[in-house]
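Trainee: With chain A's structure known, arrange chain B on it following the hints.
Chains as they are written, first to last, in this note's numbering: chain A, 1 to 410; chain B, 1 to 410.
Misleading hints may appear alongside valid ones.
You can't tell identical chains apart in this list, so a pair holds if it fits in one copy or across any two.
[Unchecked claim] Below are the EDC-like pairs computed for lysine to aspartate or glutamate, each with C-alpha atoms no more than 20 Å apart in a straight line:
hint, residue 1, residue 2
1, K299, E289
2, K36, D60
3, K117, D60
4, K248, E283
5, K36, E18
6, K330, D252
Please keep in mind that the hints were generated in silico from the structure rather than gathered at the bench.
Number of protein chains: 2
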Amino acid sequence: MINIAIMGYGVVGSGVAEVCQMNQAIMKQRTGYQIKIKKILDIRDFPDDPFGDRITHNPDDIFSDPDISIVVETIGGTSIAYKLSVQALKAGKHLITSNKELVAAHGPELMALARKKNVNYFFEASVGGGIPIIRPLHKSLAANEIRLIAGILNGTTNYILTRMDEAGITFEQALSEAQSKGYAEQDPTEDLNGSDACRKLAILASITTGQYVDYRKIYSEGITNILSTDLLYAHSLNMKLKLISRFKLLPDHRADMIVAPMLIGRNHPIAAADDVNNAILIEGNALGEAMFYGQGAGKLPTASAVVADIISCAMHLDRVRYLSEWVIPKQEILRDHGECSVQALVRFSNGLSAAQVRQVFDVYGAKPVKAQAQNEHAWLIGIASKLTEQQLASHISSFGEQVLSRIRLY
Amino acid sequence: MINIAIMGYGVVGSGVAEVCQMNQAIMKQRTGYQIKIKKILDIRDFPDDPFGDRITHNPDDIFSDPDISIVVETIGGTSIAYKLSVQALKAGKHLITSNKELVAAHGPELMALARKKNVNYFFEASVGGGIPIIRPLHKSLAANEIRLIAGILNGTTNYILTRMDEAGITFEQALSEAQSKGYAEQDPTEDLNGSDACRKLAILASITTGQYVDYRKIYSEGITNILSTDLLYAHSLNMKLKLISRFKLLPDHRADMIVAPMLIGRNHPIAAADDVNNAILIEGNALGEAMFYGQGAGKLPTASAVVADIISCAMHLDRVRYLSEWVIPKQEILRDHGECSVQALVRFSNGLSAAQVRQVFDVYGAKPVKAQAQNEHAWLIGIASKLTEQQLASHISSFGEQVLSRIRLY
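Isolated chain A (complex conformation) (with noise of 0.2 Å):
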């Protein structure tokens, strides 16, 4: 028998403790062990749930209890998770987590401690929610150099532009519908600005390149700007509108990494996944293009990549799989984003003809949108010859009010 503790009994936490009873036969099976959840560390109590009795408020009851060999960390945040986390490592616990915020920003200490003190840190659960993704990257893409990966990476976000895309709603009326089926926090900021989305793309570049790439330092921007009328350029040409994050690799091994709102082909394998759904579509040097597709998000999804990384520890408690340990690089791996090439649908106000647009813009490349609103015309701009972030941004401020918008192409 193995004894795990559960620290953080919210939606992922209970999921797990959920999970773990529904396929407890399948989890003896895969591992030989039955699997026993022991103690659960919350400052709540939860006296009508079945796991209500094993419920402590105080984490040495995990930490000081020889017969507890893994933890799950279900908290979030990078406050007292990231000290709870570190002394379960301490305490020489394995520890397995769903938290992304704490690996995007602790990861390489996190893995080092972990080295150190010979046990397994796990975090399936961090990208994808359930679709495998962490796990593949490491090991069945493992022949590969990795040259892109692009894709959905936050349910929420691609919730609400599928919705303003099919139902013709405003981004406000989207989100209120998002929150009251659950699928945008109260406080939703941090998906809603791209924040989420860029920590999953950096603990997956930093997976790949073996280097911590730190997600503070990748250009994001998020869809609070998106308006109704976005869309309707987007369905003119036959697009949808997707919150895109996406590493490139460079010949030079530097990267190119963005999160931003993109215009894609309706037929690109990335575009069909809406509502709540991610899609990560990766290029291996050798492997050409896959993609994983799923529900990126949700209690029992999210709970399955948890308890797959339970199995994967279990089977492994007494020879430790470093699947990760990343390096703190040197050289800045992101290439200066003013330096990236770009291509977008820039929309101007009547205000600035046509032919002033060509003056600026024909030398990269520059071709009318039939116009979906009034008052104004838009443009596909950078789509013949190499147009630069920084190219883009100084001629767009150079126009002044009237640039109304600038949504890249991916």
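Mentor: Frame of chain A, contents of chain B only:
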């Protein structure tokens, strides 16, 4: 340093050598070892090949060489490949294969032999080419009871159906195009009649149930009888026609399995896989749905999966990982095909009236489809209440030649 040998220097075998060469730095970084191809077994000589000097015609040069610890079998088929695989395992070599025929036909025996000799037997490349599916099913989805595996497992037939759909060409034209592009073999029988997909489905079902599923017992239809007319109906129904392989777990833990052309909604994620791509949808009781998508065949993608197995094996030389061992089931795991539910598009000649169709099929639900072809009428059958395969077959047979065709709905 770890020495490996390749048996069979055809498309996949030479791809494995190429990937090992191209990505040797990555392989060293991930395993800690330099991986060297010491011998290549083939009946042919390759004097101008960069690996030409490793060619041997004598398998004993591999089996009796104590320096060679890992053997890759990329011969294909079940005769020589079987004999040499048994010899390799008996010689105590870890064995990695891309050979789905062999795994589907002799998997249990080879796995048992590997366990007896305490060596690994890996076969990630046998299903889905470069798409990671075997290991994710074993590991990342281990926390789930897998209730559904469904998708497109054969790239050749998917290419043909895509071309018939998009270019409006006939089956023969599409096949000849596939052959000229190298997507279909000179003798494409096993692809076209569903056998190839059937073996892959049997492998996936065996992994998830832990019991050997004999592919010869799975009901299987190919695409050789598909007509351009069928694609016209697919269009008018906003569906695509795909060769679908499907495993469905029943509440009594038996399973329904089928390989057959089916009509599937254009917006279904599986339908997004066109051309030579594969798509594999997995539904688990915790996970919900996840899908794996990518090029299901081809030299480098398949080699990428083989080399991932080499890397994993190199990291487990001293501690063997039995990913699978399939029990021969005491009771038949497959439900009788005739008992399975079915919905279908049935085309009738005008000799049969709508009233005659309704008289038989109204009880199961029958809905006329806008006719696409002259001298016939088509109906969606079985859409209201349960219709078994046996009932459908018997009713259709009672109409004789007045039934022109029937194609299942997904």
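Trainee: The structure should be examined with respect to each hint, and the outcome stated for every one.
Mentor: A quick look at each hint next to the structure:
no.: 1; hint: K299 x E289; result: between (29 Å within a copy, 13 Å between copies)
no.: 2; hint: K36 x D60; result: within (18 Å within a copy, 50 Å between copies)
no.: 3; hint: K117 x D60; result: within (18 Å within a copy, 45 Å between copies)
no.: 4; hint: K248 x E283; result: within (9 Å within a copy, 31 Å between copies)
no.: 5; hint: K36 x E18; result: within (12 Å within a copy, 47 Å between copies)
no.: 6; hint: K330 x D252; result: within (15 Å within a copy, 58 Å between copies)
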